[in-house]
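*Asks:* Residue strings, one per chain:
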Amino acid sequence: MELFRSGTKIPFTKYRKIAVVLSSTVNLLVLAFLLIKGPALGVDFAGGTMLQLKFFQKVAAPEIRQALETVQLGGSVIQDFGQEGSNEFLVRVETTAVEIGALGDRVKKALSDKFGADKFEIRRIEFVGPKVGEDLRWRGTLSVIAATVMMGVYIWVRFASAFGTRFGLQFGLGAVIALVHDVLVTVGALMLANYEFDLTVVAALLTIVGFSVNDTVVICDRIRENLRKIRRETLENIINTSINETLSRTILTTGTALLVLLALYLLGGAVIRPFAFALLVGFISGVYSTIFIASPIILLWGGTVRR
Amino acid sequence: MRKALLTRISIFAIATVVSWIYLIPSFVDPLPSWWGNIFPTEKIHLGLDLQGGTHLVLDVKVDKAIENNLERIKEDLITALREKAVSGVSVERDGMQIHVKVSAASAERTRGLLKSDFGNLVEAKPPQTTAGATDFSLTLSKEEMRALRDYAVDQSLETIRNRIDQFGVSEPIIQRQGLTGILIQLPGIQDPDRAKEIIGKTALLEFKLVDDSVNVEDAVKSRPPPGREVLFGHAGRGEGIGTEKQAYVVESKALMTGDYIQDARVRPAEQLHGASVELILNGRGAKLFEQITAANVKRRLAIVLDNRVYSAPVIQERIGGGRASITGNFDLKEARDLAIVLRAGALPAPVEVAEERTVGPSLGKDSIQQGINSFIVGGAFVVLFMIFYYKGAGAVAVAALIFNLLYMIAILAGFQAVLTLPGMAGIVLTVGMAVDANVLINERIREELRAGRAIRSAIEAGYQNALPAILDSNITTFLSGVILFQFGTGPIKGFAVTLCIGILTTVVTAVYLTRIYYDYRMSTRRLERISI
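So the protein sequences, as listed, match chains A and B. The opening residue of the first sequence carries number 1 in our numbering; numbering runs sequentially from there. The opening residue of the second sequence carries number 1 in our numbering; numbering runs sequentially from there.
Everything labelled a hint here was simulated from the structure, so no lab data went into it. On a predicted model such as this, the values are computed, not experimentally measured, just so you know. Certain hints may be false.
[As the list claims (entries may be wrong)] Short derived list, chain B residues pointing at chain A, Cβ under 10 Å:
#: 1; residue: Leu255
#: 2; residue: Asp259
#: 3; residue: Gly371
#: 4; residue: Lys391
#: 5; residue: Val428
#: 6; residue: Thr430
#: 7; residue: Met433
#: 8; residue: Gly452
#: 9; residue: Arg453
#: 10; residue: Ile455
#: 11; residue: Thr477
[What the hints assert, rightly or not] In the DSSO-like style, the derived pairs of lysine-lysine whose C-alpha atoms are separated by at most 30 Å in a straight line are:
#: 12; chain 1: A; residue 1: Lys114; chain 2: B; residue 2: Lys333
#: 13; chain 1: B; residue 1: Lys43; chain 2: B; residue 2: Lys3
#: 14; chain 1: B; residue 1: Lys365; chain 2: A; residue 2: Lys114
#: 15; chain 1: B; residue 1: Lys142; chain 2: A; residue 2: Lys131
A virtual CB, placed ideally from N, CA and C, is assigned to each residue, including glycine.
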């Protein structure tokens with residue numbers, strides 16, 4: 001079976017202007033959104049306390065709030081969590097400096113009074129102090145930036161030997177711009193879908209950076225090979241040929257990854273869902289950005305290629 | 001050629017057998033009795049998010065330990081200056097500094113004393129003489145402060161380890177994290193709140209004399225007289241917030257601390273009294289306690305724990321034998337916890353929870369189930385797809401994938417890496433990403449075949465030409481995995497670990513293991529058709 005006939009010739013680079021406009025607009029929108037509104041931060045980054053509650057009977061959020069009001073926690077944010085009808089809730093508690101160990105007791109007491117001691121279960125408690133939250137936020141951002149730059153440097157060094165420093169630098173830059181694009185698109189999608197940003201999201205972003213650069217590497221590798229093999233062609237045509245030749249592989253590889261991610265998204269449970277969602281978006285964006293962004297960038301600065 | 005092939009087959013065969021040996025303890029229960037004599041028995045370690053438990057990071061308030069130390073030095077200074085009959089003395093502590101004010105006439109003598117007896121103090125700024133008085137601003141040297149901080153964290157860690165041991169948790173992890181942090185992992189714990197209370201209590205026990213000559217209400221409203229302080233009574237656990245608490249005016253200087261405790265035992269509740277904790281003092285403590293009680297008959301002695309007065313009985317007579325008891329509104333559990341912390345000793349400085357993650361056992365079980373479900377479904381998708389798309393070559397890739405998983409999980413078990421929920425996601429993701437290498441190879445072989453090459457050379461060229469791209473793409477993912485490991489905490493580290501191990505096993509199985517199959521086919525007979 002074949003996904004694309006051999007000899008498929010889609011002139012991808014022709015669409016580069018549309019792609020640049022489209023992607024720039026999307027990226028600027030995400031950036032603006034990030035700066036103006038900012039992402040919703042989970043406890044990992046914002047600090048604070050989060051409880052995951054499971055009830056063994058049907059319970060509505062307002063009832064939980066009523067119960068929590070009796071222990072001065074009425075201001076908590078209560079969200080449905082998990083599948084419909086699973087009666088699981090996430091409660092974000094806004095407290096400052098509760099005595100060590102006291103919060104769980106307080107919540108347990110309030111809920112026992114209202115619903116009965118054996119009608120619920122505190123399944124998870126996460127508390128992150130403000131200092132730790134700030135530290136994690138900073139380190140999370142830094143690690144995504146570091147990874148992106150590192151990918152660029154890797155590609156630069158990797159291809160510099162084959163094409164000379166300048167062209168290697170272009171490959172590297174193309175890859176970095178494509179990665180920034182993927183990260184921004186994923187961040188935007190997460191914000192649109194109302195997911196909170198926490199450590200797992202950073203893990204997802206780093207994975208996207210590491211995975212999405214693969215396509216770029218494979219296509220660059222092919223461009224390098226074709227530059228040697230085909231001598232009487234313009235750079236543009238060579239880039240197009242290379243993208244086309246690797247198209248099946250690009251789609252297949254991302255396809256299998258998307259298949260398992262879909263399984264994770266649907267069956268992996270509510271804790272892992274934002275992670276799977278981010279990877280789904282990021283991987284799709286990765287294919288797009290490699291074809292429509294990274295490769296044209298090589299063209300943009302192209303011209304002086306040492307063959 | 002044939003010999004080389006045989007060597008390669010044997011290497012993979014050995015790797016496979018070793019992998020099974022490492023995996024069996026995790027899946028066979030109980031192990032046969034002879035197993036442990038020859039083979040490893042360690043199971044795969046599950047992270048707290050999968051088996052349930054509490055992950056805590058405590059921040060030791062080391063500055064408080066330094067302040068306490070300075071406070072003691074201040075007391076010593078006052079005594080020493082008095083002994084040397086220095087005139088016009090006033091000694092105050094202001095944060096990390098001690099200000100000593102003496103008459104200008106005795107400045108020289110003070111300087112001598114500071115040099116000889118208080119060598120660990122350094123001048124924060126040069127002494128100043130104004131209006132017949134000399135001001136010394138003193139502080140601890142940088143090295144001294146660092147040593148004190150270090151000591152405070154180490155000592156806290158030891159104390160906490162002691163308490164956790166007595167509380168009874170199997171396989172706890174207690175270690176330093178960063179400069180002032182202590183990381184604690186308590187797997188499978190049932191009552192995390194209680195554990196936290198035991199771990200976090202400073203448990204500084206002090207005996208202080210109550211000063212009944214001062215009016216308590218005045219002292220609460222304005223400042224208590226010098227050398228005195230106001231302390232409040234202890235509220236029982238269930239009493240909640242805002243209960244009116246009794247106030248006491250006590251002498252600031254503690255007559256004795258909990259350092260002399262040898263043992264602490266719970267006394268169950270008797271008529272009219274709640275449970276109590278009986279303290280047994282060591283030899284020196286008993287002597288000291290006897291002296292104190294003898295010198296202060298008919299006065300009230302406040303038993304103060306973490307700045308809360310538990311009781312303040314009147315000393316009826318000299319108390320020998322080194323026994324004292326703490327009463328309060330305890331229930332039995334509370335008394336037991338108190339006994340634990342008193343036995344284990346006080347923390348040298350207060351601790352604060354910087355981070356806590358607690359997962360109940362039922363959530364962990366659900367997570368494992370969900371992880372397995374998505375693994376099975378995702379894996380089935382990939383297997384079907386590969387066989388459908390590449391037929392025979394797809395089946396080869398799937399076989400490689402199965403070995404890949406075997407090696408991967410065996411390495412997890414063998415190196416005692418911790419499997420977390422994101423780690424399981426990492427395994428699932430590896431299934432999806434591992435076939436990339438085979439896709440690259442197979443696409444390449446197809447191309448070479450299309451270009452008219454013979455099968456044998458097409459396969460060879462396919463592997464050869466696909467290799468750079470395979471290595472590059474796996475190295476980049478590996479690099480981001482390493483960054484993730486550096487950055488991540490607990491569960492996320494687990495993801496980074498499975499991701500990186502998965503990449504290593506992927507390259508080995510997808511490239512070298514599948515190649516064995518084709519080489520074998522080619523070595524036995526002429527390959528005329530391949531299914532790809």
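*Asks:* So, against the hints stated earlier in the document, which numbers end up violated here?
*Replies:* Violated hints: 1, 2, 8, 9, 10, 13; rest satisfied.
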